Structures are given as C-alpha cells and as structure tokens.
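*Asks:* Using this note's numbering, the letters of the sequence shown correspond one by one to residues 1 to 253.
These are computed hints drawn from the structure, not numbers from a lab. Predicted model, so just to flag it, every value in this text is computed and none were measured. All C-beta atoms in this analysis are idealised placements derived from N, C-alpha and C, irrespective of residue type, glycine included. There may be inaccurate statements among the hints.
Computed Cβ-Cβ distance ranges for the label pairs, DEER-style [claimed, not checked]:
#1 E158 <-> F111: 52 to 60 angstroms
#2 A27 <-> E223: 17 to 25 angstroms
#3 I175 <-> G122: 37 to 45 angstroms
#4 A121 <-> I215: 21 to 29 angstroms
#5 S79 <-> L237: 53 to 61 angstroms
#6 L74 <-> Q24: 22 to 30 angstroms
#7 D112 <-> G78: 22 to 30 angstroms
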Amino acid sequence: MDRNIHIALNSMRNLSTEMRVNAQNMANLNVPGFRADLTVTREASFLTSLDQYQSRVYSQQSQEALFSDDAGSLQSTGSEMDTAIRGNGYFFVEPALGGDAALSRRGDLGFDDGRFLVDGAGNRLLDTELAPIQMPPTRRIVVEETGQIQMELMGTPEGTLVAGPIIATSMAEGISLIKSPDGHIRPSNNTELPEPDQRARIAQGFLESSNVNTISALIKNIESQRHFEMSVKFIALAKEIDEGGSRIMRLPQ
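With the hints as constraints, model all of the structure from the sequences given.
*Replies:* So this is what it looks like as structure tokens:
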C-alpha cells in the first residue's frame, strides 16, 4: 500500500503543477507576444534511505521552465507605438521589478514618467548598448525595420525627422532559452544574453498576439483533471485492498 500511495501522490503533485501551468497560459491569452509555457518537463529522481539500495524512482519537476517559441499572429493596430517582430527574434528589456536584463516579444510600447520607452508591463526597452531608451518630447516617431527610431521633435518643422536611439534586437540563434522564475526569457544555465545583432525585422503599427492555443489548453485541462481524479480513486482502492488483506491475516476470535 505504501508504494502504491506514494506513486499516486507523486502523480497528483505533478498533475497539480501542470494544471497551474495551463491556468497561467489561459490567464495570459490576451497579453501581446506572450509565449505559452510548455507542460512541465520531468527528470528521474531516486529515493535513497541511509546506505540501502536505491529501489524507488520518482518523476519530479525539472527546474527549467520551457516555453513554446511558435510565433503568434500579427494584428494591425495602426498605432505608431505598437511594434511587433516578424518571424524570429527578441527585444531586450530591463524588467520593471528589477533583475537582470531579459528578452521579450512584447511590443505594446509607451512612455513612463521619465520618458523612458516601456512595454505594457512597464519593462524598459534597451538600445544596442543595452541601456534604457529615453526619448525627448516628440510629435511623431517612426520605427524602422532594423529598430532605428526616427523622431519628429517638438519645435521643429513638420516632417523633419531626426535619428534617435536604436531598439536592440537579437535572433538568439543557437541559444537555449527558458523562462526564469520572474517570468522573463533568458538563456538557460545562467549564461549571458546574446549580443544585439539587429537581424530581427520590426513591423510598426502591429501587435503580435499570444501564441496560446485556447482549444488545446481547455482539452489539456480536462484531461489533467480526469487523471487527478483517477489518482484519488487509486488511493482509495489501495486503502480498501490493504484493509482487506489485514482482515484475512487477522487471527480468528
């Protein structure tokens, strides 16, 4: 009974984590550029007791959070502050809540109180020197495909564009990327971010939708719930079998 219950409890714990991941994806369905978390990866773990043989192997959650790199669909908004990366590539951002610089696909841009360029979550976009981009007051901005910002400054004749900062981008080719505990995309194994290569192509006036598949997420949630219920019933059955065995082995009165 002990072995059966531990197997069922381990399965329930893993299923509970998977359902939380699925709920996280559903909650970010409308976040521009959101990359769906994948089903939690597994790794084998041995249960060791003193100097005895390692007789039990359990599945446990891996520490690395993987995500789907499928591109979401591009939606035209017509706003000069909306940007999206066509195909592969990432922006560089400075997280609003602190921490090391990270990569992002979110392109719903705006300005904070200091006229720093930020996305919808308040993360500051970085330039090719990986410094936050601060803009002067402008009437209009134009973002070229390469990330170069052209500005129409206040007080200048209309139509006069001045070259401004460059939004840093990278294809991050050949680099294994994961989601850190703060939810931002960074290279695995604590390696450094790739250097900006400006090979990604930016489309102004577009937003990339989340790549979460609603139907798949709903089906996965139903399947996980059913497997969880089966594990609960398995524990109850194991208890009944154990009690039945105890009655058989009981000495007659």
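*Asks:* Each hint: holds or not?
*Replies:* Here's how the hints hold up against the structure:
{"no.": "1", "hint": "E158 <-> F111: 52 to 60 angstroms", "result": "violated (21 angstroms)"}
{"no.": "2", "hint": "A27 <-> E223: 17 to 25 angstroms", "result": "holds (19 angstroms)"}
{"no.": "3", "hint": "I175 <-> G122: 37 to 45 angstroms", "result": "violated (26 angstroms)"}
{"no.": "4", "hint": "A121 <-> I215: 21 to 29 angstroms", "result": "holds (26 angstroms)"}
{"no.": "5", "hint": "S79 <-> L237: 53 to 61 angstroms", "result": "holds (58 angstroms)"}
{"no.": "6", "hint": "L74 <-> Q24: 22 to 30 angstroms", "result": "holds (24 angstroms)"}
{"no.": "7", "hint": "D112 <-> G78: 22 to 30 angstroms", "result": "holds (23 angstroms)"}
In this structure, the hints that do not hold are numbers 1, 3, in rising order.
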